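*Asks:* Each chain, letter by letter, is given below.
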Amino acid sequence: MTTATVTSQKKNTARLECHYNPKLTGSALPTMLAVPMLEQTVQIVSNERDTDSYFRLVLRAPQIAPLIQPGQFAHVRVSTLKDALLRRPFSIFQVAGDAFSILYKTVGKGTDALARMGRGEKLSVIAPLGHGFTVPKRGGETPLLVAGGYGMAAMYLLAQRSPQKGIVFVGGRKRIDILCEKEFQALGWDVRVTTEDGSHGEKGLVTRPLLKELKRKGHHRKVFACGPTGMLKAVGKIAGEFDVPAELSMDEHMCCGVGVCLTCVIPVKAGDGWEYQRTCTEGPVFNSRQVEWEAAK
Amino acid sequence: MKAKVQRLKAKVAKSEVRNAEGEVNLSVQIGTMTLPNPVMVASGTFGYGVEYAQLLDLNQLGAVVVKGIRLHPVRGNRTPRTVEVTSGLINAIGLQGPGVDGFIKKYWPFLKTLKVPTIINIWGTTVEEYADVARRFDALGGVGALELNVSCPNIKEGGAQFGTDLRLIAQVVAACRKVTQLPLITKMSPNVVCIAPFARAAADAGSDALSIMNSYPAMAIDVETRQPKLANITGGLTGPCIKPIAIKLVWEAAQAVKIPIIGMGGIQNAADAIEFMVAGAAAVAVGTANFYEPQTPLQVIAGIREFLEEHRLRDVKEIIGSVIVKK
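So the sequence lines, in the order shown, correspond to chains R and C.
So for the first sequence, the numbering used here puts the first residue at 1282; every next one is plus one.
So for the second sequence, the numbering used here puts the first residue at 2; every next one is plus one.
So that you can see chain R by itself, here it is in the shape it has in the complex (with noise of 0.2 angstroms):
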């Protein structure tokens, strides 16, 4: 019975190519899927160092590639993880014909075999997921950026999209957490680098140069951000200050990535009061008025 359960298995992989049901895309969606996603089996094109502790990561994904939208993200399931069964969330960085990538750093045994898998490898994916960042129309509000780490990563896709450039800022702790910032100078964005230990750019946190541009500039701005949690209510509490509008991508731990396992939710006003929503799919990307900060405490 082994041996047969074993080749059924392998059977089931090989068929394991594409899933979608076919019967609800399109028109026929009903309206609270929002997100067209799937689930593919794909290859990975390459999975190459990027700094000391982050990792780039392309995956060919023909079906998934041209759906994905700025601030979305894409669960991956690191089939050589044995004992550590779910899938794993990471915001999908670049758009190129038909694969996408994702950059990602080495911080737990996903992540770890994550880094050991190579070209040619397989991957199971479902995406993309979640509700992501609004672009920006032409002649609209100058988009700001803030972004933390590898928080830069969800950031891409909308500066590369948006017909309006803009400033980005990019903190982090040292001079290796600075993430692609020749890649956001090439988009011909203005890229302003903080470390909190000054060996790159400014001292001190992102926040700061942030606070200053608002300063010398408050209205006809959004913000953007992605990020820890902690940077996100502070650059939320001085969008808020400024009266500026803000969408914030929130990173929270996640199990299933479609909305069923209610792992992820954050407190999001609601009526009078507040009320749990899903960062996997009424996020990650929230309005930071629509953000309860305080509550649930």
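For the record, the hints were derived by calculation from the structure and aren't laboratory data.
Treat the numbers as computed from the prediction; the structure is a model and nothing was measured.
Each residue gets a CB set at the ideal place from its N, CA and C atoms; glycine is no exception.
A hint or two may mislead.
[As the list claims (entries may be wrong)] FRET-style restraints, in silico, Cβ to Cβ:
| id | chain 1 | residue 1 | chain 2 | residue 2 | range |
| --- | --- | --- | --- | --- | --- |
| 1 | C | Lys259 | R | Pro1347 | 52 to 58 angstroms |
| 2 | R | Ala1576 | C | Val224 | 25 to 31 angstroms |
| 3 | R | Asp1553 | C | Val324 | 53 to 59 angstroms |
| 4 | C | Gly103 | R | Gln1445 | 36 to 42 angstroms |
| 5 | R | Arg1341 | C | Leu169 | 35 to 41 angstroms |
| 6 | R | Gly1521 | C | Glu253 | 56 to 62 angstroms |
| 7 | C | Leu169 | R | Gly1552 | 33 to 39 angstroms |
Using the hints provided, position chain C relative to the given structure of chain R.
*Replies:* Frame of chain R; chain C shown alone:
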């Protein structure tokens, strides 16, 4: 030698019958409900069905089981609500949900279009609330069955408080039995010394079937911060690591009651599902695996079919309770 020839002849005859009749029969009966196949999804791991509708054809499942619903909307526990552990997951969601009205408005229009039964998992903080919720779904029409959640470990009132008390479990089942003809499935707590009397109490009070098991009470601590990893401190353990516990409970309950048992706990593939059925389960539910591999239920169905064909069996019912225990 003669016996061997006879056995071979019998085998050939059996396979001819199978070929003459075509496909193996996967359908099973739970109360008055006929499922096209024995593989459903476990409550709380499949939302309200619609979330997975883009990734798989829900009409291929045996049944869809929705997340626990009580009368009023429930906010749920604080975060962190889940933690990954070796070969498992501990959760303490706290049964966040839209309440009966919210569910009917938001999710029922989609669910009622499905060809396979929808099983509604219900709960309350009092015996009366269970009955009220049961009455609402009885009146709705089109519901396949009600699963009575008397075993959630993550809420202060209701849940496991009912499922671990022989008198209360009987009261909840009897109160719901009074208000509906829908099949009642009692979802059992694993946190009891012996499951047999609880299984009998539910059956005697009018339960048509049992779901075995709910998550197992568990805890994880971060040794650096010395703090529990869940905001709720403790939670319920699920995933492959609990499967042997669930198999034992199914086996014990199957000897105690005649009503069908739906086996669940860590099913990842067809072999796991078949093990539950051999232990005595008439059907199975895929739970935590949906989170990491949403195709699991469909793979399990295909695998059960293959297993039956390989073993020249025509009907999935032939494997239910077929465990051989040498005395």
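*Asks:* Against each hint, give a clear statement of whether it holds in the structure.
*Replies:* Structure-based check of all given hints:
Distance hint check: the CB atoms of C/Lys259 and R/Pro1347 are about 55 angstroms apart, consistent with the given range 52 to 58 angstroms. Judged by the Cβ atoms, the range 25 to 31 angstroms given for R/Ala1576 and C/Val224 holds: they are separated by roughly 29 angstroms. Against the hinted window of 53 to 59 angstroms, the Cβ-Cβ separation of R/Asp1553 and C/Val324 comes to about 56 angstroms, which satisfies the hint. For the pair C/Gly103 and R/Gln1445, the beta carbons lie near 40 angstroms from each other, so the given range of 36 to 42 angstroms is met.
Checked against the hint of 35 to 41 angstroms, the C-beta distance between R/Arg1341 and C/Leu169 comes to roughly 56 angstroms, which is inconsistent with it. Checking the proposed 56 to 62 angstroms range against R/Gly1521 and C/Glu253 shows it holds: the Cβ atoms sit about 59 angstroms from each other. Checking the proposed 33 to 39 angstroms range against C/Leu169 and R/Gly1552 shows it holds: the Cβ atoms sit about 35 angstroms from each other.
Of the numbered hints stated above, the single one contradicted by the structure is hint 5.
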